[in-house]
Amino acid sequence: MKEAKGKVFKFGDNVDTDVIIPARYLNTTDHAELAAHCMEDIDKTFIQNVKEGDIIVANKNFGCGSSREHAPIAIKAAGVSCVIAETFARIFYRNSINIGLPIVECKEAATEIAAGDTVSINFDTGVITDETTGKTYQGQAFPPFMQKIIDSEGLVNYINAK
Amino acid sequence: MAGMTMSQKILAAHAGLTEVKPGQLIEADLDLVLGNDITSPVAIKEMEKFNTKSVFDKDKIALVPDHFVPNKDIKSAENCKCVREFAKRNSITNYFEVGQMGIEHALLPEKGLTLPGDLIIGADSHTCTYGALGAFSTGVGSTDMAAGMATGKAWFKVPSAIKFDLVGELPKYVSGKDVILHIIGMIGVDGALYKSMEFTGEGVKALSMDDRFTIANMAIEAGGKNGIFPVDEKTIEYLKEHAAGKEYKTFEADPDAEYDEEYTIDLSSLKSTVAFPHLPENTHTFDDIDEIKIDQVVIGSCTNGRIDDIRMAAEILKGRKVADGIRCIIIPATQAIYMQAMEEGLLKIFIEAGAVVSTPTCGPCLGGYMGILASGERCVSTTNRNFVGRMGATDSEIYLASPAVAAASAVTGKLSQPSEL
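Just so you know, the sequences run in chain order A and B. All the letters of the first sequence, read from the start, carry residue numbers -8 to 153 under the numbering used here. All the letters of the second sequence, read from the start, carry residue numbers 331 to 751 under the numbering used here.
A hint or two may mislead.
[Stated by the list, open to error] Have a look at the derived ranges for each label pair, beta carbon to beta carbon: (1) A/ALA23 x B/GLU378: 16 to 22 Å; (2) A/GLU99 x B/LYS351: 27 to 33 Å; (3) A/GLN39 x B/MET516: 39 to 45 Å; (4) A/LYS(-2) x B/VAL497: 49 to 55 Å.
Think of the hints as simulated: they come from the structure by calculation, not from any bench. In this text the structure is predicted, and so the values were computed from the model without any measurement. Ideal Cβ positions, reconstructed from N, Cα and C, are used throughout, including at glycine.
Only chain A is shown next, with the shape it has when bound in the complex (with noise of 0.2 Å):
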């Protein structure tokens, strides 16, 4: 993907991945049911109002707390096309790599963009526009081993090709 478009679903600080994903529905791999449940633990009506290509834009450390790769899957199954954050916990930001699930820090885009502006990214120059405010901001780009993963769309393609 080279370009996501959507709507801005805006969180805070410290988004655990247990809000994400609780772990009552880890019993299941299936990518469907688990974003039927993504975020329900900090916002109930997300997965009613959120449509394919939207955006999370949420504040410092995204993702922070237990490994579950159930978290992004959810993210990127209930249809989220990227997530914008100040910052993300380590292991989330691995795991969203490795599947394929476009993300951004910016510390100013998460700061400013306000929750329902329409923001675009391009992925190649790292460019977040909020659409509805006007604004862009530059996103920090990712190393060129990991850029490899991500145009590969997620570690398994990347060593396959190898």
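Use these hints to put chain B onto chain A, whose structure you have.
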């Protein structure tokens, strides 16, 4: 070039490099790849997508069904079946069935599978526990686990580090849990994000191995990539008991290693510490805790289900009763710890006190089963996370504490330290 930290040296050695620097991306050889009943099924599905369908080394993979085991429902049973069949198909040496199974991060060191100088990944965030033995071990997701099982390698960004210089000795009833909660309260839940937490200093000597496991275990709660301790006489004693005859290599940080931050922690000044809902950084000591009535106590988990923890709970519960209306659930982390507790008469103490004792399971820690909280209920727990909804209803509350505080609270029915008894 500046010297390397202990973590950096282990990474360099496993990447075939003489030196590495923070931020450098490396590919390194793994000594052990771990998964449980939640994360392995996702990894096993991913494994099928690799060109190579076989595992890199059947002896270097550990599969421990422990989260929802013994199976809590049909779906969990199917997940365990998937792991069991995968283990059988690939002749995995270190698959642990119910009966041998224990909570993974207590079980693997006990079985001698985690050694100093090892590079270990596990699809479980608390894989950082093995740093207590001087290993570099870190949590990853299921795809990394799958890649690790298929190739025996993983990619890492070399972390910078924070140094914690420990001095002095802990007072009575203050333990490793209080040390790590104190540190998380000080630096925050992202205070060590992407970094190593290296514990050093003469204060380490006085910490038991179980205290060290507890401290390294919760490095992730400060955002850390790993937590690590130097190898000393106590580590060597532990290894003689649990990993006799196995070879390992010890690493030490260079004297001129660079750290992003350095803290000195006087262990003798620490007090019983409790993390209030809903973040492990919301720490308090009893100097500023008002009366907080509780409904449940959980003593167990990969953080605090080891024999030191069970003994401490027994010391406090001996000859006392769990307060009316309080559910006190005690979960020895492995079969060996369970047996030890039985032989020492600790199980009798718990049952006489009115507590229940469970087979090893992660169960309540992550709101799986065996102690789910109803709406508005409060639990004092020796586990590691107190996020919203972690143990049950989204408006229930978890207070993270040491086994001493948890046991004392079970007796009084409110958040209490042992001196209140």
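Hints versus structure:
Distance hint for A/ALA23 and B/GLU378: a CB-CB separation of about 19 Å, consistent with the stated range 16 to 22 Å. The supplied range of 27 to 33 Å is met by A/GLU99 and B/LYS351, whose beta-carbon atoms lie about 28 Å from each other. At about 41 Å, the beta-carbon gap between A/GLN39 and B/MET516 stays in the expected band of 39 to 45 Å. Between A/LYS(-2) and B/VAL497, the C-beta spacing of about 53 Å keeps the proposed range 49 to 55 Å intact.
In summary, the structure agrees with every hint in the numbered list given earlier.
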